[in-house]
Structures are given as structure tokens and as C-alpha cells.
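Enquirer: The residues making up each chain are set out below.
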Amino acid sequence: MTDMATNNDIVPPAKSSLLALDARTQRRNREESTFKALGLGAVGIGMLFLLILLTTIVSNGVGAFTQTFINVPVYLDPAKLDKKGERNLDDIKKVSTFGYSPLVLNGLLELVQENGIDTPFEKSKQMKSLVSASAAAKVRDYVIANPDQIGETVTFNLLAASRVDGYLKDRVKREDVARDKNISAEHLDLVDELVKAGIVKKGFNWSFITGADASESRAEQAGIGVAMMGSFFMMLVVLLLSLPIGVAASIYLEEFAPQNKFTDLIEVNISNLAAVPSIVFGILGLAVFIQFMHLPQSAPLVGGLVLTLMTLPTIIISTRAALKAVPSSIRQAALGVGASKMQSVFHHVLPLAMPGILTGTIIGLAQALGETAPLLLIGMVGYIASNPPDGIVSGFMDPNSAMPAQIYEWAKRADPAYYERAWGGIIILLLFLLTMNVIAVILRRRFERRW
Amino acid sequence: MSLVKLTTSAVAIAAVSASAAYARDNVQVAGSSTVLPYASIVAEAFGENFDFPTPVVESGGSSAGLKRFCEGVGENTIDVANASRAIREKEVKACAENGVTDIIEVRIGYDGIVFASQIDGPDFTAFEPIDWFNALSPKVVVDGALVDNPNNKWSDANADLPDVEIAAFIPGTKHGTREVFEEKVLVEGCKASGAYDLYLAAAEGDSEKAKKKAAKKACYHVRTDGKSVDIDGDYTETLARIDSNAEGVGVFGLAFYENNTDKLKVATMSEVAPSTETIASGEYPVSRPLFFYIKKAHIGVIPGLKEYAEFFVADEIAGPDGPLAEYGLVSDPELSETQSSVADETTLGGS
Numbered sequence: 001m002t003d004m005a006t007n008n009d010i011v012p013p014a015k016s017s018l019l020a021l022d023a024r025t026q027r028r029n030r031e032e033s034t035f036k037a038l039g040l041g042a043v044g045i046g047m048l049f050l051l052i053l054l055t056t057i058v059s060n061g062v063g064a065f066t067q068t069f070i071n072v073p074v075y076l077d078p079a080k081l082d083k084k085g086e087r088n089l090d091d092i093k094k095v096s097t098f099g100y101s102p103l104v105l106n107g108l109l110e111l112v113q114e115n116g117i118d119t120p121f122e123k124s125k126q127m128k129s130l131v132s133a134s135a136a137a138k139v140r141d142y143v144i145a146n147p148d149q150i151g152e153t154v155t156f157n158l159l160a161a162s163r164v165d166g167y168l169k170d171r172v173k174r175e176d177v178a179r180d181k182n183i184s185a186e187h188l189d190l191v192d193e194l195v196k197a198g199i200v201k202k203g204f205n206w207s208f209i210t211g212a213d214a215s216e217s218r219a220e221q222a223g224i225g226v227a228m229m230g231s232f233f234m235m236l237v238v239l240l241l242s243l244p245i246g247v248a249a250s251i252y253l254e255e256f257a258p259q260n261k262f263t264d265l266i267e268v269n270i271s272n273l274a275a276v277p278s279i280v281f282g283i284l285g286l287a288v289f290i291q292f293m294h295l296p297q298s299a300p301l302v303g304g305l306v307l308t309l310m311t312l313p314t315i316i317i318s319t320r321a322a323l324k325a326v327p328s329s330i331r332q333a334a335l336g337v338g339a340s341k342m343q344s345v346f347h348h349v350l351p352l353a354m355p356g357i358l359t360g361t362i363i364g365l366a367q368a369l370g371e372t373a374p375l376l377l378i379g380m381v382g383y384i385a386s387n388p389p390d391g392i393v394s395g396f397m398d399p400n401s402a403m404p405a406q407i408y409e410w411a412k413r414a415d416p417a418y419y420e421r422a423w424g425g426i427i428i429l430l431l432f433l434l435t436m437n438v439i440a441v442i443l444r445r446r447f448e449r450r451w
Numbered sequence: 001m002s003l004v005k006l007t008t009s010a011v012a013i014a015a016v017s018a019s020a021a022y023a024r025d026n027v028q029v030a031g032s033s034t035v036l037p038y039a040s041i042v043a044e045a046f047g048e049n050f051d052f053p054t055p056v057v058e059s060g061g062s063s064a065g066l067k068r069f070c071e072g073v074g075e076n077t078i079d080v081a082n083a084s085r086a087i088r089e090k091e092v093k094a095c096a097e098n099g100v101t102d103i104i105e106v107r108i109g110y111d112g113i114v115f116a117s118q119i120d121g122p123d124f125t126a127f128e129p130i131d132w133f134n135a136l137s138p139k140v141v142v143d144g145a146l147v148d149n150p151n152n153k154w155s156d157a158n159a160d161l162p163d164v165e166i167a168a169f170i171p172g173t174k175h176g177t178r179e180v181f182e183e184k185v186l187v188e189g190c191k192a193s194g195a196y197d198l199y200l201a202a203a204e205g206d207s208e209k210a211k212k213k214a215a216k217k218a219c220y221h222v223r224t225d226g227k228s229v230d231i232d233g234d235y236t237e238t239l240a241r242i243d244s245n246a247e248g249v250g251v252f253g254l255a256f257y258e259n260n261t262d263k264l265k266v267a268t269m270s271e272v273a274p275s276t277e278t279i280a281s282g283e284y285p286v287s288r289p290l291f292f293y294i295k296k297a298h299i300g301v302i303p304g305l306k307e308y309a310e311f312f313v314a315d316e317i318a319g320p321d322g323p324l325a326e327y328g329l330v331s332d333p334e335l336s337e338t339q340s341s342v343a344d345e346t347t348l349g350g351s
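Chains A and B supply the protein sequences, listed in that same order. With the first letter of the first sequence counted as 1, position 278 gets the number 278 in UniProt numbering; the numbers rise by one all the way through. With the first letter of the second sequence counted as 1, position 287 gets the number 287 in UniProt numbering; the numbers rise by one all the way through.
It is possible that part of the hints are untrue.
Said to hold, decoys possible - List time: in silico DSS-like cross-link candidates among lysine-lysine, alpha-carbon distance up to 27 angstroms: (1) A:K412 with B:K174; (2) A:K181 with B:K227; (3) B:K227 with A:K412.
Quick caveat, the hints were computed from the structure, so don't treat them as lab data.
Turn these sequences into a full structure, and let the hints guide you.
Expert: Written out as C-alpha cells, the structure is:
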């Protein structure tokens, strides 16, 4: 009876059809599609921010790659440049750039008058706001290199002042110049005429990529080239030091070290070091390398040493992961045919782990390349990257900046033209990072072995 | 293991030999970020016109620069410190303790400090020092007594000012500019409002001088409720704050303002508009001299150091028509005296 009763209580299973879903399945499906939509939304938001970031960078920075130039015939007046007339190089050198500047401005004024351009300016001094202050230095360098040209009229392709350049790039607006003492509306009229006459032209700005930093008053002349050299020498130091040290340390820890408290302590500390903020390494570098070891300030060598300290934990961790991924059967096989422990590591394990090690190293280098904070403390931010290094020793030892430090410095300067250059510098830096990451990906794809 | 040993010892040897064999041949300068633009202009022109390498100029603030300057004598210390204020006695002493005894002080000119706001923002067109004191001081005078500052809007401080919340961006304490702001604006406002006399009456001290010092110090305080913001970075940071806050008022250097007239409008102080002319004549009240300091012991050791200093104060550079004046420096009317003192290497407090 009881059996019967229970049997009667059982609800007969609901008729399920393959075509109609029951309520629970429907709910689960709903949850799944909501989750998928949320995930897609998250990816979408990420992509959107990336897009905003990239468009901002490109739209702000692309202007730095073009620059406005003025073609000016300059009469190299012997009465001013070589008063004695002996063409003695020492006498010629005595005339400073301040002596050259009037010649350039005279040349420009004559050019304006020859072209019949109507302008209220009658004095050559009033042309000053059109031409970069670097023009005089360019002419002087030319004269010192070619003293026999004194007395001739030579046409120079000179940089226009940053306000003129900004006007042609729509950075300087006509309505804003009323209170700007660097340029006036009449000057802008003149610029319009000069553009029509083909004297003022925009061109690709190679010197932005190859040139040195410039002072506050000459944004138009500044380039990132010397800072790039600084970054290059720093990365060389990082690579030469952190790769051998990092790989040796990880091989020892992974393959040879006995498992004891001491090794554990080292391992924990390496992981901790990887999480230390980079500014701490900057202070350490200042104290150890500059104040104790008396290495020169602002030198890429010191910057490289500091960044080595920062990169080492990253490289050790990724190298150990790569070594760990090599199956132990490889080691045992090597040992089984009579190889020594060292031979098994260097002949078999290390070659197989190499792609992983190189990928980790490149990513560590890319991280170091974009690092600014430690460089602040060892004197690599400021008006530093002004002399291109002449030779390898000078490249390591002479004061220099680095790309991210140069970008930071430009972003701080007063002239809005520097702001544009900071964005331009970011484009170049990103291109470098992108290249390095692509190399890392290719290495991984091509050579990585899976077991 | 041998690889590790080999590399580390190689690095150590390389580093030591490099530092021993390497003689520095460029001038190194650090200090005030206000002086940095001028120093970089001079350094650039110096590199172009002389056979010496272009000097290296770092920023970081007057106090930080003088601290590094006083670290000692030798090639791994800087040669020149830029400062937007005169060196303090304390710093001269710290220098002497580290062996930096002969210091040459060079005054390069004057710099104006301006008060500016967003160009499309409220009408901040005229300030008096007392307005700033009443807006920023933690205690102000109400009916002859010091009370906690009740002013929330500029119009509470002065009915002629716009009716907007107080949001002032002033230089942080590591900047030389802050000192000028305290001396020329806050203390003046403090005296004008009568707070100084109240502080003086309440001050405790052994002598009249100590009391006055304490009262002055009390005037330096600014409120900490977020209405006054210390900017420890550069003027670009202040500009960014003003850019995002239409009601903000910031403290800038004259040269910085003149480069950003498309974004900023400047206010008068004590009814004088800031310009190189009004600062040179002394009419505009908030200005200060700019300096750099040279280690005499480095002259003759670091090539080009003396030439750099002489070039900096030469008429064609620091004179009224030179590139520094063009950038915004108010040239020193006594420049010729500075030139001769640089030429004679006259040190502080002595021959």
C-alpha cells in the first residue's frame, strides 16, 4: 500500500520536447547569452579606449613630423663676417650667431620686397618673428665650413619660427595672436603671401627623428634623435648585463640549486623585486652608482645599470618558466646516455628554452625602454640631449637623455609647439615598442616547442 | 657560476676604470625650473658659438638644485646651481661643511609672477594682495578678531571679484616661486588686513625681532580645506588644472603666461598689469631676482665653466635686446656690475 501511495505521489515527468525548451534551460541559455554580451561589451569598451588613445596620439603628434621651412638667399657680407679680410678661420669664428642674425633677416626682407609683397614691415628686425633663432647658427656653421663663400649670396633652407609653423598647422589661431607678443596678425598676412609665392613651404621633418633637443625658445628645432641614441646605449647596457646574469642565475636556481630554506628565500625575494616600483631603483642608482662609485651623472651607462636592476627579476622569472617548461624526460635522456649535468643543461635544455628566454628578455627590454621614473633621479631629465655622442665611449659616458624622459621634458615646456613634439615622440616610442613586441611574438610562434 | 662571477667582476672593473679614466668636459647645471628656460637658451647658444660642448641643464627646483650644489667639490657634483631666490644662510653653511666654500653669486635679471585664469572664465581682472590673503589664509580678521576663514567664494573676500568658489593653484613649497608669493602677496595682504598686528600682539618670543618673525610666519599659512592647491610640478601642471576648471586661478611666471596667451588671461595686481616694463620699473609688485651660483673651485677644472658664466651675463644675451629678454626675462639694470663680478670671480661674502 505504502508503495502504491508513493508511486501515486510521484509527479510524472513533464513532457519534454527537443523542439521546445523547458524553463530552466531557457534561463541558463539566457544567462549564457547575457554573459557573452557582457564579455563582448568589455572587449568593445577596451577596443574603444584603444581607438581613442591611438587617434588622440596620432592626431596630436602627426604635426611634429612636418615642419615649415623658408628659402632665404643670404648675402654673406664680408664686412661683417670677416672684417680683416684674411679669411682666417679664427677671426671668422669670433663672429657669433648674433652677428649672423641680421644678415638672415636682411635677406628675408629683400626677398619680400623683390617679390612685391605688400607689407607694413620696413625694417629687417621686424622679420625676426618669422625665422627660427636656429637660422643664424645654421648660416654660421656653413660659413665656418666654407669660408671661401664669404662675399657670395647663398640660398639656405631655414626653419620658420614655431608660431609660423603653428599657424600653418592650425595650432596658432588668428584670433589668438592679438595678445601674443611673439607674432602679430600682420606677420600672419605676410606668411600667407609667402606661402603663395612658394617661399614658405612645409616639408617632412627628418630632423625631428634625427636631431638634438633644443632650448625653450626654439621648439621648431627640437628632435628626438639624440635621446634615441641615449635609449639605444642604455638598452645595450641592459641587454649585455641582464641577459647573461639573468640566464645564469635562473639556470642555477632551476637546475642546480639544492631545495632548502635559503633557495626559497632567494626565490621569494626575486618575486618581490619584480614588484618593486621603478623609482626605488632610481634612488638606489643615485646612491650606489653616482654617489658611491662616482660614475658620471646623466650618463646612459648609469641609466642602463639602473634599468638592468629593474629588468633582472623579469628576465629571471620568465627564464625560469621557460626552463621549467622543458620536460624532464629530455634531461633524463641526456643523463642516461652519459652526459654530465652541465652538458645536459647547455646542450639540451637551454636550446629548447631559448625562444621563451628571448621573448622574456625582449619584453623586459621593452618595459625598460619605456621607463622614466628612475631616470628622473639620475639626472637624465632636463635640457640634456643636446650633443650627439661622438663614438662608443662617449655614447655610454656623455650626458644624454632617453626617449620617454625627453617626452616628459617636452610636455613640461611652456611653448605649445613642444606639446605637439611630445605627442610626436610618443608615436616614435610606440613604434619601437610595437616592433619589439612583434619580434617577441614571432620568436614565440616560430621556435616554441610544445610537448 | 663562473659566468656570473666573470660578468660581475668585469662590470665592476669596467665601472671603476671608466669613472677613473673619464674626465668630464661639459658644464653641468641643475636647479630652478623657472631659470631652466633661460639657462637652456644660453646653453644652446653657448654650444653653437664656442668649441665647448653644450652644457647640460637639469631642473628640479631651487632648493633641490642648491642641495646638490652643496654636496661637495669634484667632477661628479654639479658646477652651477640655478635658483629663483637668493641662497640661504643655512645652505651656505651646509655647503661649507662639504667643502664648497667659494661660491660666486650671479644675478641674471628679474622675473614677474602673474595671476591668471582661463581666458573664457569669470572676470578675474584685478587683484590686491589682501584679496589673496582673505581668500587663502586659514584665519582672517573679522570685526578686529582672528577667526577661521569663512570665505568660500572670491566675492566673499572682495565684493568686486566674481561670485565663484575659491580654487587657487599656487606653487608648492619646494619652488622658489612660493617664497615670493608668501613675501609679496600673503604678507602684504596680512598687513593690509590687520591680521599681522594681531599675530604680532599674540606672538611669543624673546625679542621684538623674534616676535616679528613669528607673526610673519603665521601670515604664510594657507588654508588646507582644498580651496588652495599646492602644485609641486611645473607651470604646465597649473595650466592643465586651470584648463579643466574654468573658475580656477593660478600663479604663473610671466614668460610662461606670454607663451600661452591663447589660453590664459592675466589679472592686474595692485592695479598694475604685469609686463617686462612694469616689472623693470618696479611698479608691478610681485617680482623677484633670478640667480645662478658657481663653484669657484671648478673654474679651470671643468672646461668652459667661466666662459659659460660670462656668456650668460653678456649684453648680447642678458641685455634688454637679447634672447632672454625676448623670452620674458626682465633684464637687470645693473648688468655691467654683474659682468665685472663674474670676470673677477667675486665670491659670496668675500673677495
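Enquirer: Next step is simple, just say for each hint if it's right about the structure.
Expert: Taking the hints in turn, this is what the structure says about them:
1. A:K412 with B:K174: Roughly 17 angstroms between the alpha carbons, so the hint for K412 of chain A and K174 of chain B holds.
2. A:K181 with B:K227: Distance ~33 angstroms between K181 of chain A and K227 of chain B Cα, so the pair is violated.
3. B:K227 with A:K412: With Cα atoms ~24 angstroms apart, K227 of chain B and K412 of chain A stay inside 27 angstroms; holds.
When the structure is compared with the earlier hints, a violation turns up for hint 2 alone.
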